[in-house]
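Here the numbering used here runs 40 ahead of the position in the sequence shown, where the first position is 1.
Wrong hints could be hidden among the right ones.
FRET-style restraints, in silico, Cβ to Cβ [stated by the list, open to error]: (1) GLU455 x ILE154: 26 to 36 angstroms; (2) PRO134 x SER207: 31 to 41 angstroms; (3) SER306 x TYR379: 27 to 37 angstroms; (4) GLU492 x ALA204: 42 to 52 angstroms; (5) GLU438 x LEU476: 29 to 39 angstroms; (6) GLN263 x GLU432: 42 to 52 angstroms; (7) PHE348 x GLN421: 24 to 34 angstroms; (8) GLN263 x ILE94: 21 to 31 angstroms.
Here are the simulated lysine to aspartate or glutamate pairs, EDC-like style, with alpha carbons at most 16 angstroms apart [unchecked claim]: (9) LYS201 x ASP461; (10) LYS385 x GLU443; (11) LYS146 x ASP165; (12) LYS449 x GLU432; (13) LYS406 x ASP461; (14) LYS406 x GLU443.
Source of the hints: derived by calculation from the structure; they are not laboratory data. In this text, a Cβ means the ideal position worked out from N, Cα and C, and glycines have one as well.
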Amino acid sequence: MLPLENNQAIPQSSVFMTSSNSLTPITQRKLSLTKRIVFRTLTAGLVLVALELIGLAALCLVRAGFSMQGLKLEQQSIAEGIDVPDGATEAFHPYLGWVHNPQLSKPGKYSGGIIPTNWLGFRDDSESIYHRSPDTYIIGIAGGSVAWQFSWEAQDVLREKLSAHPSLKGRQIQFVRLALPGYKQPQQLMAYNFLLTLGAEFDAIINIDGYNETVLTISENAQLNTAISYPRAWHGRVVAMADPSVSADAARLLQLRGKRQQMAKSIQTSIWRWSYFYNFIWLMRDRSAWTEQTDLGLNVSKSKVHSFTTHGPENRFIDDTLEAEVAAMWQRCSLQLHYLCQANKTLYLHVLQPNQYVPDSKPLSKKELKDCFDPDDVSAQFVPRMFPRLQELGRALEVEGVEFSDQTKVFSGVEDTLYVDPWCHFNLEGNRLLGLAVADRLAQMLDKAAAETVDAQ
């Protein structure tokens, strides 16, 4: 009540109703439930749209030529275990070191064709195991990546040249690839042995090598205390094996691989699997795990701590005899291949591969000098020292009856660009030129074999 001069009181409500200067309370009007739901839905929708736009922009920023389809294929590969570790499609082999896992290795494109992985784990469209027949001439090609690429890009010129030889007219030329990128002796020797045990027969074996046997044997094996007779960088390939000296690192590598695989599986089944933002979050998490995995793998692979489980037997030579022993092992492997082929009535041709670091072997083009010749690469350090050793030992092989073909100068008169990288790989024309030289030498061997047959009669 409000007091008045005559001590009368009036109700407060009257004041609010009659006085124009008095305060009038404001009553807040509440939104209906339907409107609140609509408002919140629109807000959430705007937030989601904004996040999706941010996610799309981020994906386009971190992945050139981004496509959702490509990202889904990557997730599928990781979920299946194909792209979790480096070399995930490789499988340990008890005799060859490694081959490719035909259950994981998808057909790949090379030189205009689709290259499958056959049942034995070779990247080959042949069945590997063939038997001699009057209508087929079987040629095995052994070596590393140079030999493997040669087997595809020089096959047409080899077929054309050899099919014209009188002893091969009307016969199909069947190539069998014993080569895989990264192989080095004695893997060629072991691959031939392995196929022989499975019943394979060959009319000729072409072994193209030299670089992996020297540069990689020294830089990836010897310098990191891995047995030079073991496959290249064997310690890095088997780092996840149970070895007490590196068990913690091995366990972490396996954990990271499992983590990436699980994350990929999870996003494949998520209701948000087509969300740009959610895929961006996945990509960042996957790249973080991949980076840690790669860094840890590199640190372990570069470790010089010797472990018999991962590094094999210790190299028993002193530093100044390393290069001589590396070359001698290459020579011994070739000689054993020769003896095996001779025992199986198979022609054997050993080709010393071309290499841009061999002095005066090719006038390098401007592009080759820019992109394919690195004076700081280990190739520039070891090739000029090691290849003369191989050439000398190759001449010794010839004395032993080995058909040895030094092709280091096969490009000596070619000024056009042939090499495609600093590691002695060459283009289609380079393989064609080498194919012509190899075919000519094989033709000479066929002539010689025909003459010996006549003499024997």
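Here is how each hint holds up against the structure:
Our hint of 26 to 36 angstroms for GLU455 and ILE154 holds, since their Cβ atoms are close to 34 angstroms apart. A hinted range of 31 to 41 angstroms holds for the C-beta pair PRO134 and SER207, which are about 38 angstroms apart. One distance hint, 27 to 37 angstroms for the beta-carbon pair SER306 and TYR379, is violated here, with the actual separation near 56 angstroms. Range check, GLU492 to ALA204: Cβ separation about 21 angstroms, and the 42 to 52 angstroms hint is violated.
Look at GLU438 against LEU476: about 21 angstroms separates their beta carbons, and that is not inside 29 to 39 angstroms. In this structure, GLN263 and GLU432 break the distance hint of 42 to 52 angstroms, their C-beta atoms being roughly 24 angstroms apart. A hinted range of 24 to 34 angstroms for the beta carbons of PHE348 and GLN421 is consistent with their spacing of about 29 angstroms. At about 47 angstroms, the beta-carbon gap between GLN263 and ILE94 misses the expected band of 21 to 31 angstroms.
At roughly 28 angstroms between alpha-carbon atoms, LYS201 and ASP461 are farther apart than 16 angstroms, so this suggested pair is violated. Using a Cα cut-off of 16 angstroms, the hinted pair LYS385 and GLU443 holds, with the two alpha carbons roughly 14 angstroms apart. For the suggested pair LYS146 and ASP165, the alpha carbons sit about 13 angstroms apart, so the restraint of at most 16 angstroms is met. At roughly 15 angstroms between alpha-carbon atoms, LYS449 and GLU432 fall within 16 angstroms of each other, so this suggested pair holds.
Under the criterion of a C-alpha separation no larger than 16 angstroms, the hint pairing LYS406 with ASP461 is consistent with the structure, at around 13 angstroms. Straight-line distance between C-alpha atoms of LYS406 and GLU443 comes to about 35 angstroms, which puts the hinted pair past the 16 angstroms bound.
The structure is inconsistent with the numbered hints 3, 4, 5, 6, 8, 9, 14, although it conforms to all the rest.
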